[in-house]
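Peer 1: Using the sequences and the hints, build the whole thing.
Top line first, the protein sequences correspond to chains A and B. The numbers in the first sequence follow this note's numbering, run straight up by one, and end at 728. The numbers in the second sequence follow this note's numbering, run straight up by one, and end at 728.
I should point out that these hints are in silico values taken from the structure, not numbers from a laboratory. In this text, all values refer to a predicted model and were calculated from it rather than measured experimentally. A hint or two may mislead.
Treat identical chains as interchangeable: a pair holds within one or across any two.
To be verified - Simulated crosslink set (DMTMM-like; lysine to aspartate or glutamate; CA at most 20 angstroms straight-line):
| id | residue 1 | residue 2 |
| --- | --- | --- |
| 1 | 426 | 362 |
| 2 | 426 | 619 |
| 3 | 524 | 311 |
| 4 | 329 | 568 |
Protein chains: 2
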Amino acid sequence: MFESAELGHAIDKKTYDARLPALREALLSAQYSLRDDGRRAVLVLINGIEGAGKGETVKLLNEWMDPRLIQVSTFDSPTDEEQARPFFWRYWRQLPPKGRIGVFFGNWYSQMLQARVSGALDDDGLERALDSANALERELSDEGVLILKFWFHLSKERMLARLDELKDDPLHSWRISPLDWHQSKIYDAFVAHGKRVVQRSSCERTPWHVVEGADNHYRSLTVGRILLEGLQDALQGEPPRRHTVHGALLPSALDERRLLDSLDLSQSLEKDAYQEQLIAEQARLARLMRDPKMQRHALLAVFEGNDAAGKGGAIRRVAGALDPRQYRVVPVGAPSDEERAQPYLWRFWRHLPARGRFTIFDRSWYGRVLVERVEGFAPPGDWLRAYDEINAFEEELTRFGIVVVKFWLAIDKKTQYKRFKKREETPFKRYKITEEDWRNREKWDQYVDAVDDMVDRTSTDNAPWTLVEANDKRFARVKVLRTLNDALEAAFARSER
Amino acid sequence: MFESAELGHAIDKKTYDARLPALREALLSAQYSLRDDGRRAVLVLINGIEGAGKGETVKLLNEWMDPRLIQVSTFDSPTDEEQARPFFWRYWRQLPPKGRIGVFFGNWYSQMLQARVSGALDDDGLERALDSANALERELSDEGVLILKFWFHLSKERMLARLDELKDDPLHSWRISPLDWHQSKIYDAFVAHGKRVVQRSSCERTPWHVVEGADNHYRSLTVGRILLEGLQDALQGEPPRRHTVHGALLPSALDERRLLDSLDLSQSLEKDAYQEQLIAEQARLARLMRDPKMQRHALLAVFEGNDAAGKGGAIRRVAGALDPRQYRVVPVGAPSDEERAQPYLWRFWRHLPARGRFTIFDRSWYGRVLVERVEGFAPPGDWLRAYDEINAFEEELTRFGIVVVKFWLAIDKKTQYKRFKKREETPFKRYKITEEDWRNREKWDQYVDAVDDMVDRTSTDNAPWTLVEANDKRFARVKVLRTLNDALEAAFARSER
Chain A
232 MFESAELGHA
242 IDKKTYDARL
252 PALREALLSA
262 QYSLRDDGRR
272 AVLVLINGIE
282 GAGKGETVKL
292 LNEWMDPRLI
302 QVSTFDSPTD
312 EEQARPFFWR
322 YWRQLPPKGR
332 IGVFFGNWYS
342 QMLQARVSGA
352 LDDDGLERAL
362 DSANALEREL
372 SDEGVLILKF
382 WFHLSKERML
392 ARLDELKDDP
402 LHSWRISPLD
412 WHQSKIYDAF
422 VAHGKRVVQR
432 SSCERTPWHV
442 VEGADNHYRS
452 LTVGRILLEG
462 LQDALQGEPP
472 RRHTVHGALL
482 PSALDERRLL
492 DSLDLSQSLE
502 KDAYQEQLIA
512 EQARLARLMR
522 DPKMQRHALL
532 AVFEGNDAAG
542 KGGAIRRVAG
552 ALDPRQYRVV
562 PVGAPSDEER
572 AQPYLWRFWR
582 HLPARGRFTI
592 FDRSWYGRVL
602 VERVEGFAPP
612 GDWLRAYDEI
622 NAFEEELTRF
632 GIVVVKFWLA
642 IDKKTQYKRF
652 KKREETPFKR
662 YKITEEDWRN
672 REKWDQYVDA
682 VDDMVDRTST
692 DNAPWTLVEA
702 NDKRFARVKV
712 LRTLNDALEA
722 AFARSER
Chain B
232 MFESAELGHA
242 IDKKTYDARL
252 PALREALLSA
262 QYSLRDDGRR
272 AVLVLINGIE
282 GAGKGETVKL
292 LNEWMDPRLI
302 QVSTFDSPTD
312 EEQARPFFWR
322 YWRQLPPKGR
332 IGVFFGNWYS
342 QMLQARVSGA
352 LDDDGLERAL
362 DSANALEREL
372 SDEGVLILKF
382 WFHLSKERML
392 ARLDELKDDP
402 LHSWRISPLD
412 WHQSKIYDAF
422 VAHGKRVVQR
432 SSCERTPWHV
442 VEGADNHYRS
452 LTVGRILLEG
462 LQDALQGEPP
472 RRHTVHGALL
482 PSALDERRLL
492 DSLDLSQSLE
502 KDAYQEQLIA
512 EQARLARLMR
522 DPKMQRHALL
532 AVFEGNDAAG
542 KGGAIRRVAG
552 ALDPRQYRVV
562 PVGAPSDEER
572 AQPYLWRFWR
582 HLPARGRFTI
592 FDRSWYGRVL
602 VERVEGFAPP
612 GDWLRAYDEI
622 NAFEEELTRF
632 GIVVVKFWLA
642 IDKKTQYKRF
652 KKREETPFKR
662 YKITEEDWRN
672 REKWDQYVDA
682 VDDMVDRTST
692 DNAPWTLVEA
702 NDKRFARVKV
712 LRTLNDALEA
722 AFARSER
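Peer 2: Below, the structure is given as structure tokens:
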């Protein structure tokens, strides 16, 4: 969920200074249009990690825009009056009226997260609170309120560094933080439950915007742009658009730093080390698949990746460890007529592994948010809601005991070029390279963005993505096998407890 | 939830025979249009009480329509293959393709209800299962599947009578019912959890249709009509309508038998008995409000009813029992400017009672599904989603400990006429009667329908409606006070445990 918000996004002062005036002017003008239009209110929810710039952002919004049309509400401990009434009362009483922007600094999400981390709520309690929050937001959104949810994020290292920097800052020292952020386990618990909160409360109409908070310039411009696009979009159309996706949904990072760029693709394995490790991991997989505990689980692996990244070879090395009766490879191409007559996920449901078995999907349901998004085969409404559908789907699987392992095999553009050329030159490999592969290659950057969003939105604790550095095929194959084995072992250990 | 499906709805054979041919022809023609259109599938979910005609209905649909385009799936105990895969797998594999109608006789709802009644699922488990079902239906509906959910209902007495009738019927005797319906407590548990299921899984796009199953003619025509309207609506528009409400939503009962007609409005109290009971109930209310247990609760009463039904007088008798500092009366009329600038429920949230207090709403949030619906002030989309919003709202309140008591004060048309006339003739009451009252009176039947739907959709275990026979004001006032007292006592007893 927070992967691409730990990359160290940053924008230099010069770029910031150059972009700021136009952004401020546009924001002010959108704000007046919102007032004059008078049909919609905007609610901005500020959440996330301590020290990630939540307070600074709120301050900045007030500086940039007309503060008479913004109302900031801070929610710390409930007052006596608030405690005497149902949970959401304190929030209802502070809602912004139509034409205004309300900023909730602290809100139902911070309240439920704090309660969960402190143990005042258990897992079931958190799920119930999320149901209530979803119902509330659906209702507000149906009534024309534009809800923008920000999660300000920092990696643990950056948070600790920021806390040190800020400890003498008067803006911060007065803040009563009921969670002691200096404790590393508090960060871990907050982030773990935070992932769940963000996953469960993202929906097409009220998505989360996860913003890395380490760099002031990057953070400020990003928030400003999302707010601006949201405002502009909300003001379009007559009557105000309710059931549609708003423009600020999935902007690519302002500094063009992407998850895939952060991989060290130079990693490789020598031939001897490869042979040795490959055989060891294959033997380990064969053993794990025969383990009696496997009867309580099933294994499902998803292979996605750049064209020519070596998915086929990796799948063969996995399969090579096993008896053909134990696994099944499902190659996913264009849907059949029968599949086309069914809802999108039907073609994947039908191939789910039974208990004790292993299914390998060579490409998968992620096609919708990769190729179908990039090529425009699916309209935005369809691929945007696919993130939530996929999360719900995988949650059903993992709750049942299926171990879901997802690989993105990543190569760089140069390596792809070399492999394409080689395929063209090798007679028995020529069938593997088509015009379409060359066309896809032209959309390289769009795929990089799509992968970023996919990992951010669908890498959950239960079904995480593994990015595999695949410039070296040997390194990739061993990493794939090892990841599968680690996942199975972890699942066996969990169900032991 | 099931109130109007216990009225003994029936249609005579002559009417049935007269209406059937046109219905069958229209259904057949809609079915072929669905096939030729080829963009949507229809999924019919059959649920409800044993003996309420579920099997007969499925049989009938196959007789009436082209059976080649209908696929009926029966789900009893999961097979080995099904047990080895996640919960929803068995349902996905049987989904109807586009152009077809699938009938699921037994489905996720029957499975979760049976598990809840037998104790295999607890309350939290049921809520999780409902979350999954809602996510699945949202997804199918987003993909263009029209979902029609039927709940076939019978009162307990009618069910027991039906089971006797059917015990020698070969269609029934082979049915394996894992629940023993002859046990009265099984019926009670099934209906209690069924209410929860219907409440939690009703939504604008996939509402439940509750059909009384006692009379074959009524049941068959009602199902046929709902299916027909659903099909016709689904086939309108290009592209197929997804996010809109479909036509079959809230048809009024075919035999025009309505909840309000079932009241015995002749009930009355003599003056002496009235004085005695009134004083006793007022003293009881005063005592309960001073009880220390009241500090864990709050009391909220909603008064709705026909014009001139005596709401004001009843409220005065309730208030008369109390110290003015303990309660507050909130008269609900046209919203203020400030209220108009906020989401609909805002004006009610602001007046919620604090713990220990009592708020009386003289008219309420139900205005949206009464006057706003009937007068057309709110578009159908708004008042249709209001049922779910109101249920969610009241659930937040009751979960917090607020005791919610809702009254509909009912008089007949003749009594209203007499009271209107009397108001016009009495100088100090003349202000109470306006042209608008006379206009509302012309829409009497539409209000009767609206009240039926309101009670069916918002009378929950936590916040039930009480219909008050109010032709005799004395009878009504005592019933109101007694209902409030009983509700408070029950809440105190529950929180003792």
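Peer 1: Against each hint, give a clear statement of whether it holds in the structure.
Peer 2: Hints versus structure:
1. 426 x 362: Classified as both; 16 angstroms inside a copy, 18 angstroms across copies.
2. 426 x 619: within (13 angstroms within a copy, 28 angstroms between copies)
3. 524 x 311: Answer is between: at 19 angstroms across copies they meet the 20 angstroms cutoff, but 53 angstroms inside does not.
4. 329 x 568: For residue 329 and residue 568, only the inter-copy Cα distance (11 angstroms) is at most 20 angstroms; the intra-copy one is 49 angstroms.
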